[in-house]
Amino acid sequence: MSEIENKAENGSTESAGEGSAGEAKDDKGLGLGIIFFIIAFVACFLSGTLLFPKLLYSKKEQPFNFDHALHVSEAGDCETCHSLREDGSFTGIPKLATCLDCHYEDVLGETEDEATFVEEYVSKEKEVPWHVYSRQPDSVFFSHAAHTEAGGMDCVSCHGNIGESTSSRPYEENRITGYSRDIWGKNIFGIKKHSWDRMKMDDCAKCHKKETGHQGYCFQCHK
Amino acid sequence: MDSALIPEGAKRCPLPKFSIGIAIVSAVLLWGVYAMFLCWFKGLNQTNMNDYYGFALWIWADLAVIAVGGGAFFTGLLKYIFKIDELKNIINFAVIIGFICYSSALLILAIDIGQPLRGWFIFWHANVHSMLTEVAFCLSAYFAVLTIEFIPNILENRQANKVPFFHHLAHNMHGVMAIFAATGAFLSFFHQGSLGGVAGVMYGRPFAVREGLLVWPWTFFLFTWSAAAYGPCFTLLVTKTTEAITGKKLVKDNVIHLLAKISGWMIVTYIIAKIIDTAYWAMVTAPSLGFNLSHFYTDNSFYGYWMLITEIVICGVVPGAILITKSTRENPKLRLVAIILGTIGVCLNRWVMVLQIMAVPVMSFDTWALYIPSWQEIATTVLPVAYGVILIAFAYRYLPVFPQEQELNQVKPVTE
Amino acid sequence: MKVDRRSFLGLGIGAVAGIAVSPMGMKLTDDSAIWTQNWPWTPVPVDGKVNYEKSVCSLCPGSCGISVRKIDNRPVKIEGLADHPVNDGGACLHGIAGLQYLYDPARIKTPLKKNGANFEKISWNDAIELVAEKLSNMREKGSPEKLACITDKEQGSVSGLFKRLLKTFGSPEFYTMPSLESYLEITASALHGKGKTIAFDLENASFVLSFGAGIIEGWGSPVSCFKANASRKTRHAQLYQIEPRLSNTAANADRWIPVKPGSEADLALGISSVILKNNLFDSNATSNFKGDLNKLAAVLQKDYSLAKTAKITGVKPDDIKKIATLFAKAEMPVAVFGKGRGDGAQSLKELAAVHTLNCLVGNINKKGGAFVKPNNQYLEFPDVAMDSIAKTGFGKNKTGKYVNQFFEEVNRSSQSLIEALFIYNANPCYTLHDTKKIKKALDKIPFIVSFSSFLDETAMEADVILPSHTFMERFEDVPSSGGLVKTVVGLTRPVIRPLFNTKTPGDSLILIAKALKGNIAKSFPWTTYDKCLESLTSRIWNSLSEDGFAVLSNGMPGDSQPVDVSFLAKNPASLKAQGNYDLTLIPIDNMRLMSAATASSPFAVKTVSDSVLKGKDIVVEINPLTAKGLKNRGFAVLTTPMGKTRVKVNINEGMMPGVIGMVTGLGHTFDNKYVSNKGVNINDLIGQVIEPDSGLDAAFGIKASISKA
Amino acid sequence: MVQENHNSAYKFGMVIDLDKCTGCGSCMVSCMAENNVPFKEDETNKKDSITWMRVYKLTNDKPFPDTEVVYMPRPCQQCGGKGDHGHSPCVSVCPAVATDYGYDTGIVSQIYTRCFGCRYCMGACPYHARYFNWWDPKWPEGMEKYLSPNVSPRMRGVVEKCSFCYHRYQAARDKAYAHGNKDHIKEEDYQTACTTACPAGAIVFGDLNNPAHEVHQIVKPDPHPDPRNKHVAGKSRNPKIFRLLERLGTNPKVYYLSEREWVRKQGDNYLEGEWEKIKNHHGKASHG
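If you're matching them up, the sequences are chains A, B, C and D in order.
Per my numbering, residue 1 is the first one in the first sequence, and the count goes up by one each step.
Per my numbering, residue 1001 is the first one in the second sequence, and the count goes up by one each step.
Per my numbering, residue 2001 is the first one in the third sequence, and the count goes up by one each step.
Per my numbering, residue 3001 is the first one in the fourth sequence, and the count goes up by one each step.
Bear in mind the hints are in silico, worked out from the structure with no lab data behind them.
In this text, a Cβ means the ideal position worked out from N, Cα and C, and glycines have one as well.
Hints may be right or wrong, so weigh each one.
[What the hints assert, rightly or not] Partner residues are not named here, just some residues of chain A that face chain D (Cβ under 10 angstroms, in silico):
| # | residue |
| --- | --- |
| 1 | D77 |
| 2 | C81 |
| 3 | L84 |
| 4 | E120 |
[Said to hold, decoys possible] 27 angstroms max Cα-Cα, derived DSS-like pairs, lysine-lysine:
| # | chain 1 | residue 1 | chain 2 | residue 2 |
| --- | --- | --- | --- | --- |
| 5 | D | K3240 | C | K2233 |
| 6 | A | K209 | C | K2027 |
| 7 | A | K209 | D | K3230 |
| 8 | D | K3046 | C | K2614 |
| 9 | B | K1042 | C | K2616 |
| 10 | A | K193 | C | K2027 |
| 11 | A | K126 | D | K3145 |
| 12 | D | K3220 | C | K2233 |
| 13 | C | K2616 | D | K3240 |
| 14 | C | K2439 | C | K2628 |
| 15 | D | K3047 | A | K95 |
| 16 | D | K3145 | B | K1042 |
| 17 | C | K2673 | D | K3175 |
| 18 | C | K2049 | D | K3240 |
| 19 | D | K3145 | C | K2121 |
| 20 | C | K2054 | D | K3145 |
| 21 | C | K2628 | A | K186 |
| 22 | D | K3046 | C | K2673 |
| 23 | D | K3230 | C | K2070 |
| 24 | D | K3220 | C | K2708 |
| 25 | C | K2576 | A | K200 |
| 26 | C | K2027 | A | K54 |
| 27 | D | K3145 | C | K2322 |
| 28 | C | K2109 | D | K3277 |
| 29 | C | K2576 | A | K95 |
| 30 | D | K3047 | C | K2049 |
| 31 | D | K3047 | B | K1042 |
| 32 | C | K2628 | D | K3186 |
| 33 | D | K3062 | C | K2049 |
| 34 | C | K2614 | D | K3047 |
| 35 | C | K2631 | D | K3057 |
| 36 | A | K126 | C | K2049 |
| 37 | A | K126 | C | K2109 |
| 38 | D | K3047 | C | K2673 |
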């Protein structure tokens, strides 16, 4: 560093001249540089924002279409199918046996989907391999009872208006992590408008902090 | 062949000879890289660490390179803040050594953690109470500072300097270097200190725990101080080694003497503090927890009082005494002995503060745990050394590192 | 347009900046971290509905009730069953690790047939046909008595079916492996008459004098013993433990009395001698003695004086006297026998001598004492159909009285004494002394059928393997045994569908019987074992199927029992350890290692201390006085008359000088890397020593030497 | 983040009767089976063998035949840290808040997926209660089917330790919620796997803050700080009860009970002659 110092002191006039000559050249070069910069910036930004999510997520169709709205209107509420067990644990997506409580006769409706259900699963006594949009990773302990019973929350707060859907949207899976896209949220920037748009840990922590005054200790939500 | 890159007026060995030397060191480097990948892909079962030795050779190496790399911040502090101008003749080299040490430390940490891809959690989910968090933040920030400090020197390369932008950049960066030096000193104070704090706050480990000031145990201050004291020893040692290898005098004696003198006084003051700390710990802290001093130095086949004596007397008091006395300081042989002892002393201190802590039994029915590193650990620890040698070789060959080189080695400018 | 350096620079910086501003960097950083949190090679257990099933553990004779926690249909954990009459919620480590047996790498997945040195897979039909053909040939040749069978126990329906098959086939050659239960029956038979067994009321006894019984090391019904021992403190009861080594029982006892190995019987007789001499005995109780008491007293006064006993046993005369006095004067004393787990070698002299103490102080069938009760009788088998071949064969003499003698005779005989052998739930090639000799005997038997679930040392010697379900996959009645006061029958039930192509052993037998046709098929009228079990236990089936157990008797037997001490009055000699070396090698039963037919689980082996097993080396215990020149944790060579082995040394003050202790249960050789090829099997190093008066293998140890490796 | 252990919170703790403990290993195996702890071919290097619950063998070191042996089960001590303020030795050092102190339960909790494997917590713990996953957890083919969904198997490269079977606490809470008892769980509804497995009944587990719980009745924790050491709180008022390394001020929630003096002495470190002065000191004596 000190060498530069010396040089700068000794050769100030010389370098000043060089500098002015250089600047004119610089301008043109810089202009071109800026154009390239903008082109590359825009191209990369767009590919990182639009193309990247397409590559990151794989799309999987559900085994057959499921009409939540229809089932809710028949059953009346969510709890008929998604209930708490006697021990307080949550059943999640119902097992075939629960479906058969209503679908006990061959066919109830006449849709193609129900035909698939009966042929592929009911008659073969096979569980339906649903893709779960809101599946949390194994490291997460989530108690539905704590939220719905003790916390008095409704399903919509976290799951949105899925009960009103008439068809199953494709399940999108992160190719790297295996997570459902619903965890990070549809928006690749992670921006959310509704409480159910994203299900990352920060979302849990924020609500916990607001509602209980503390985001909770590790084991409260992790196992 | 590469003469266009070599600093003006400097004489360097022929490229083939240089290449052979680099190739040999690179082989060692590759061995280390191989071991590094083994650790990353197969996991830390490649090491001989275990649940007793969660911290072992690597953490020692980390602490040691950061301690000896302390020459960079301390020399910078002296040069830019305390305006000791002679040190401009060694500051470049001090910065390079610092850069090597800190980049090595970061690399070792990246190997050492069980989940390297989650390493950034230390920033994202930082726990402000943890000394390690403080280490991570200050270490990374200071590494950035060192990089900034190193850049002007790189831009001074003959070819790079021809580019006006680089020339001006280097010049302007230089103008603000005092700010970086101050920042570096501030950051170093904290990360050197918090590395000391890592041990001092372990109140479950009577061998490590120290009382202190506010949230900082005494080891916090001792580590900073010892890095400042012994860091310059290492700078001088590497300078001496470089001189020996190149066969050239690179820094004038008055500069060396000055840095040695400062280091000497720092060592003396440090070692007094260290002795007081050790005595207080041995006579008050440890006994209050039910431990005699002898508990930490007997009943095992390696850790004995010799360790304590070597660290404090042979590698502390002795080099301190040599370096503060004009006659011995200016005797090249004795000075060399002192800087070697000093470097060993600080490394030994870091060993004690990492490995002996893990070795000492705490529960009355537990036993001493001894440890021998695996070859993978050794290879990855040698890796930074090889990398350092290569970086110094390149820096020396292509950058004007030593401002006094030309003056001290009057040769005709290279003509081709 | 001239694309110069600056343009490239612009391009590069633009690209970097564009990516940096886009969410890609952030997302990839996050996702790569999340990837490490969900590595595809780290298993993710499937969630579901929690439910519990009651069953009974049959890994050891303890017969503890278990509660199997399941997620939907998948068992995930075994725990002790609360309120079960045997173990009331507690469980031992082996039972808890039970699921590891289900998925054991050494499990036999389908019937196998020996072909040269290897096994080949065969179908069940072929396997049964093969067995039936061999057996039919034997009957045709008129030598049905050449079919033998070895199982783990006398009791229970499966052993009952084996016995039944042998009987209708025409062979008396039914043997059981030595177990505490078998020794209890032998002792009861010698002192009180046939058809009886002994139980010890440890829960209530105020003074337990244990002659090496590992009360907290797997002796008897382990969990029940643990509980009885734990309550000692609150009951202010005392435990005196007599054995050469500071076992866990000794460490937990109020006093440990080190005794020279093999002299336990002498100490018991010495104590009896004091009791008789000092009139400490219960005079009411002595009225039950049928003769010979005076003769015994005379023998004791002559050969078991304080000084003589002290010399033989190494226990100080004062201590012997003190123990005798404490024992006799205690409110509810009980003397307990069965060294270690009680299933190793024992001499009848020792068993009888210890039990005589109980008889002398009058604690038979009294609270806190020893209970003499009739054997379990809860199975109602229909009559066996026997033809003349069967009758002739069945009427012949057995080759040996006990299984050890059986193997000895097979080895000794130049003719083929036995042509076919059934082995179920027994691993004699591992658990009996001098395993080489056992293997040699098996080599002489041309056709061996194993019913093992695991390819263990003995199953390897088989010609045909008809693999059984594990206890988690089948029904079976499990009668309590091992000195338990209560008489309980538990019901093992399937908690999961069979994983492999295996069968319930009862079903295999029914299939064989049906294939043999005629009377034999007629004697096995059931379609399946499960139906058979239900009909055999029809009296208690409701309780079995609903509660998982049935209590046959709860209290103590009220009647007084005759005592016959003629065996001891003959003054049988004490056996010496085989060999001429200076030291004595003795087995150590460690609670954390199974040493019977069932090997330990990976979890159990994991808990074993590094002062028992280090790497692949077994560590032997030795007193510093005996370990002259040996380094703690260093290698040594252990030599016995049976052979040499490399061991590591644990210099330990808890071991009597002159004695080397080696753990049992290691040194398995089958294919399970978590359990096998670790250490050595002590039974390779100890030879049989048959007690002449009883026919029992009574080798308590063997002479040995140890030197630096 | 300075929070106190307030009264409304639980403070789960344990007392282990060493006179009853037989060293049988049931607690260790029950713990491993409950918590999906893996095993590997060679587990005899106890320094890299994951056993959340480890049973130590203590001896009085006297020569034959006066030798005595006692077994000491050692789960995570769930330290409250100096002054019982929640700054446990391990929690305070974790750089990424992958482990924290649950002020509502007194349990040192953790997130395995947050941990990046620096192992500082392991070094800070004097009880060696923390274990690092040096290897990928692997089960023999098929055996992974017995894994419990209540505890997530840990991947290579992270530290783990005993959780006081926190998932059982969660299950007890779920049960309470489902039955309308928002904040009250029963003593018998939350018991650790080692406690329920112990065939000798040597382990008693419950809420140290709740006088109705057996553990409280046995331990009788002293609410006042120890007059000899301001960092120590919750000392037992029973002179037969001690905690491991109590003098360090870690404030464990695992208490040990033994009639044998030499065992109690081995629970901590003492200078020569110190034990004689201190041995009968206990909470009650200091506060009348």
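Results of checking the hints against the structure:
Violation of the interface hint for D77 (chain A) is found here, the shortest Cβ-Cβ separation to chain D being roughly 17 angstroms, above the 10 angstroms cut-off. A hinted interface residue such as C81 (chain A) counts as satisfied when its beta carbon comes closer than 10 angstroms to some beta carbon of chain D; here the least separation is about 17 angstroms, so the hint is violated. Using the Cβ-Cβ criterion of 10 angstroms, the hint placing L84 (chain A) at the interface with chain D is satisfied: the shortest such distance is roughly 5 angstroms. Taking 10 angstroms as the C-beta contact cut-off toward chain D, the hint placing E120 (chain A) at the interface is violated, the least distance being around 25 angstroms.
About 14 angstroms separates the Cα atoms of K3240 (chain D) and K2233 (chain C), which keeps this hinted pair within 27 angstroms; it holds. For the given pair, K209 (chain A) sits about 25 angstroms from K2027 (chain C) by alpha-carbon distance, which is consistent with the 27 angstroms threshold. Restraint check for K209 (chain A) and K3230 (chain D): not satisfied, since their Cα atoms lie roughly 33 angstroms apart, outside the 27 angstroms limit. At most 27 angstroms may separate the alpha-carbon atoms for a hinted pair to count; K3046 (chain D) and K2614 (chain C) meet this at roughly 9 angstroms.
Taken as a hint, the K1042 (chain B) and K2616 (chain C) pair is honoured in the structure, with Cα atoms around 24 angstroms apart against an allowance of 27 angstroms. Our distance criterion of 27 angstroms between C-alpha atoms is met by K193 (chain A) and K2027 (chain C), whose separation comes to about 19 angstroms. Only pairs whose Cα atoms come within 27 angstroms are accepted, and K126 (chain A) paired with K3145 (chain D) is accepted, the gap being roughly 19 angstroms. Between K3220 (chain D) and K2233 (chain C) the CA atoms are separated by roughly 20 angstroms; this keeps the pair inside 27 angstroms, and the hint holds.
For the hint pairing K2616 (chain C) with K3240 (chain D), the CA-to-CA distance comes to about 40 angstroms; that exceeds 27 angstroms, so the pair is violated. Between K2439 (chain C) and K2628 (chain C) the CA atoms are separated by roughly 36 angstroms; this puts the pair beyond 27 angstroms, and the hint is violated. Between K3047 (chain D) and K95 (chain A) the alpha-carbon distance is near 45 angstroms, which puts this suggested pair outside the 27 angstroms criterion. For the proposed pair K3145 (chain D) and K1042 (chain B), the alpha carbon gap of about 25 angstroms is at most 27 angstroms, so the pair holds.
In summary, the hint linking K2673 (chain C) to K3175 (chain D) is not supported, as the alpha carbons are separated by about 41 angstroms, beyond the 27 angstroms threshold. A C-alpha spacing of about 44 angstroms is found between K2049 (chain C) and K3240 (chain D), which places the hinted pair above 27 angstroms, so the restraint is violated. Simply put, K3145 (chain D) and K2121 (chain C) have alpha-carbon atoms about 25 angstroms apart, close enough for the 27 angstroms limit, and the pair holds. Annotation: proposed proximity of K2054 (chain C) to K3145 (chain D) holds, straight-line Cα distance about 20 angstroms (limit 27 angstroms).
Using a Cα cut-off of 27 angstroms, the hinted pair K2628 (chain C) and K186 (chain A) is violated, with the two alpha carbons roughly 75 angstroms apart. For the proposed pair K3046 (chain D) and K2673 (chain C), the alpha carbon gap of about 18 angstroms is at most 27 angstroms, so the pair holds. At most 27 angstroms may separate the alpha-carbon atoms for a hinted pair to count; K3230 (chain D) and K2070 (chain C) exceed this at roughly 48 angstroms. Only pairs whose Cα atoms come within 27 angstroms are accepted, and K3220 (chain D) paired with K2708 (chain C) is rejected, the gap being roughly 53 angstroms.
Restraint check for K2576 (chain C) and K200 (chain A): the C-alpha separation of about 74 angstroms exceeds 27 angstroms, so the hint is violated. Proposed proximity of K2027 (chain C) and K54 (chain A) is supported: the alpha carbons are some 13 angstroms apart, at most 27 angstroms. Distance hint between K3145 (chain D) and K2322 (chain C) is unfulfilled; the C-alpha atoms sit about 57 angstroms from each other, more than 27 angstroms. For the hint pairing K2109 (chain C) with K3277 (chain D), the CA-to-CA distance comes to about 65 angstroms; that exceeds 27 angstroms, so the pair is violated.
Restraint check for K2576 (chain C) and K95 (chain A): the C-alpha separation of about 68 angstroms exceeds 27 angstroms, so the hint is violated. Our distance criterion of 27 angstroms between C-alpha atoms is broken by K3047 (chain D) and K2049 (chain C), whose separation comes to about 37 angstroms. As the CA atoms of K3047 (chain D) and K1042 (chain B) are separated by approximately 19 angstroms, the hinted pair is consistent with the 27 angstroms bound. At most 27 angstroms may separate the alpha-carbon atoms for a hinted pair to count; K2628 (chain C) and K3186 (chain D) exceed this at roughly 58 angstroms.
For the hint linking K3062 (chain D) to K2049 (chain C), the alpha-carbon distance of about 54 angstroms lies beyond 27 angstroms, and the restraint is violated. For the hint pairing K2614 (chain C) with K3047 (chain D), the CA-to-CA distance comes to about 12 angstroms; that is within 27 angstroms, so the pair holds. Between the alpha carbons of K2631 (chain C) and K3057 (chain D) the distance comes to roughly 21 angstroms, so the proposed pair stays at or under 27 angstroms and holds. With a CA separation close to 17 angstroms, the supplied pair K126 (chain A) and K2049 (chain C) stays within the 27 angstroms bound.
About 26 angstroms separates the Cα atoms of K126 (chain A) and K2109 (chain C), which keeps this hinted pair within 27 angstroms; it holds. For the suggested pair K3047 (chain D) and K2673 (chain C), the alpha carbons sit about 20 angstroms apart, so the restraint of at most 27 angstroms is met.
In this structure, the hints that do not hold are numbers 1, 2, 4, 7, 13, 14, 15, 17, 18, 21, 23, 24, 25, 27, 28, 29, 30, 32 and 33, in rising order.
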